[in-house]
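**Q** For reference, the chains in residue letters:
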Amino acid sequence: MQLMLAAVLTLDSAVARLGVYADDDGLAVWSPQATASGDIAGGVGAEAGYAADVITAATVDVRTAASPRGYQETRHEVHAGPHWELRPGTAVRATYSWSTERDYRSHVVSAGGAHDLLGRRLTLSVLARFLADEVGRAGEASFAKPLRGYGGDVGAAVVVDRRTVAGVTYAVQRLDGFQASPYRFVPIRDGAGEVRASLPEAVPDGRLRHAMSVDARRALSSRFFARGAYRVYADSWGVRSHTAEGELARSLGGDRATVALRARGYTQGPADFHEARYATWPMLPRWRDADKKLGRNRSVLGGVRADFGVGAIGPLREVRAEASLDVYDQWFLDFPALRRRRAALVGLGWSAQW
Amino acid sequence: MVRIVILVIALGALGCAPVRPWERGTLAHRCMRADDAPRVDARKWELHVLWAREASVGAAGEAGGGCGCN
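Top line first, the protein sequences correspond to chains W and Y. For the first sequence, the positions run 1 to 354 when the working numbering is used. For the second sequence, the positions run 1 to 70 when the working numbering is used.
Don't read these hints as lab results, they were simulated from the structure. Any given hint could be a false lead.
[Claimed, not checked] Listed next, the in silico DMTMM-like pairs over lysine to aspartate or glutamate satisfying Cα-Cα at most 20 Å (straight line):
id, chain 1, residue 1, chain 2, residue 2
1, Y, K44, Y, E54
2, Y, K44, W, D291
3, W, K145, W, D176
4, W, K145, W, E245
5, Y, K44, W, E47
6, W, K145, W, E201
7, Y, K44, W, E247
8, Y, K44, W, E245
9, W, K145, W, E134
10, Y, K44, W, D326
[To be verified] Listed next, with one range per pair, are the computed distances between beta-carbon atoms:
id, chain 1, residue 1, chain 2, residue 2, range
11, Y, A28, W, R286, 49 to 59 Å
12, Y, A28, W, A337, 48 to 58 Å
13, Y, A28, W, P285, 54 to 64 Å
14, W, W281, Y, R43, 11 to 21 Å
15, Y, E23, W, P146, 47 to 57 Å
16, Y, A34, W, V346, 19 to 29 Å
17, W, W281, Y, D35, 46 to 56 Å
18, W, G191, Y, A34, 27 to 37 Å
19, W, F143, Y, E23, 58 to 68 Å
20, W, W281, Y, A34, 27 to 37 Å
Where is the CB? At the ideal position from N, CA and C, for every residue including glycine.
One chain only, chain W, in its complex shape:
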């Protein structure tokens, strides 16, 4: 049975989730999100969704720069867009996303498509994105700095054999505009280590980012499935990173449920202009930052994920529940104010198909 919305859209699936991030640096983020998609007619459909981030923060950045007592705020995001299956094996889609919070507004437009080749053994995809953001500063209405982004990605997914699929994606993005924090100040020291000035962060307006990733999935048997992925990244600020991921899943109860273990490792080099301490007085560095994520850092993430098919409920043809728990451990190798951060990520969700 299908649910008709305004006699135009036939709803066919919906997902509702709650994600919670909490770390030992005083930050907690609760993120509810909901997405629904449906068909309109003639292979045309649409998707729309809402997400929020409810943030409670008293992190080291906040304590030292913005507000000693921390802050609370909420970000709201909505997105919507059509998708169209032009013919079997060829589809296009577009999405508009808008998000707002006290000191940040963002508009993102994306459009792209995918095309199957070689008897559906090869799928090529392309996606273009444009973003127009406005960075503000809480309590200062006149502070408004633009940030523009242009980019996209191209990808290919290959059916290697009856039990293996693999994919490769290349992504590029050009950012122009304000990319510093409006709250962080950088201490400038003399040769003896005395702080002689404290200046607002200043980083280059332009940034060209490249990333390439490969991903493979293999059915080890009728019950066990493995996934591996690797990503390499480089940008014009000098940041380089490598990310490796692995997952092993087991289906249970005649495919009714799945349990998976996964792990992720990340290593990143610093931006060219990043220094743990700027001891340049009386010279003032043109570019300076107090951003720990622009310094050398490493992280590992690992956890467990499970989903369970509840079955049919009323008009819903299939309902599934999912839950995940991950721990995240990050080391900052040149940020004296915070050497290590540990966090927990919890996810709970429901999905339904009509």
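Got chain W sorted already, so can you dock chain Y onto it with the hints?
**A** Just chain Y now, with coordinates in the frame of chain W:
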């Protein structure tokens, strides 16, 4: 970088074996699908979390803010 992508795609296409429609049952399992909706949403949230903590996440574009990183 683009040449590497083209090379990988070409090698992948040449290397893939014919898989008949009736042999695709395993490939249709949700653990083998990159477009399984609940996992896509979970993945988007995870990337949003990591984007605020790692400088290289999100090269393909992310809606800004909401990170508790300011």
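**Q** Does the hinted range 46 to 56 Å hold for W:W281 and Y:D35 at CB?
**A** At 54 Å between Cβs, range holds.
**Q** Between the alpha carbons of Y:K44 and W:E247, is the straight-line distance 20 Å or under?
**A** Satisfied, since the Cα-Cα distance of roughly 17 Å is no more than 20 Å.
**Q** Check whether the Cα positions of W:K145 and W:E201 lie no farther apart than 20 Å.
**A** 14 Å, holds
**Q** Regarding the pair Y:K44 and W:E47, is the alpha-carbon distance no greater than 20 Å?
**A** At roughly 15 Å apart (the allowed maximum being 20 Å), W:E47 and Y:K44 satisfy the hint.
**Q** Are the Cα atoms of Y:K44 and W:E245 separated by 20 Å or less?
**A** Holds, at about 16 Å.
**Q** Is W:K145 close enough to W:E134, meaning Cα to Cα at most 20 Å?
**A** 6 Å, holds
**Q** Checking one constraint from the list: CA of W:K145 to CA of W:E245, max 20 Å. Satisfied?
**A** This hinted pair is violated, its Cα atoms lying about 36 Å apart.
**Q** So the hint says 49 to 59 Å: do the beta-carbon atoms of Y:A28 and W:R286 match that?
**A** Given range 49 to 59 Å: holds, Cβ gap about 55 Å.
**Q** May I ask you to test the hint 27 to 37 Å on the CB atoms belonging to W:G191 and Y:A34?
**A** 54 Å, violated
**Q** Holds or violated: the 54 to 64 Å window for the beta-carbon distance between Y:A28 and W:P285?
**A** 56 Å, holds
**Q** Note whether the CB distance of W:W281 and Y:R43 lies within 11 to 21 Å or breaks it.
**A** 46 Å, violated
**Q** Regarding Y:E23 and W:P146, is the given constraint of 47 to 57 Å on their beta-carbon distance met?
**A** 52 Å, holds
This entry does not satisfy hints 2, 4, 14, 18, 20, going by the numbered hints stated previously.
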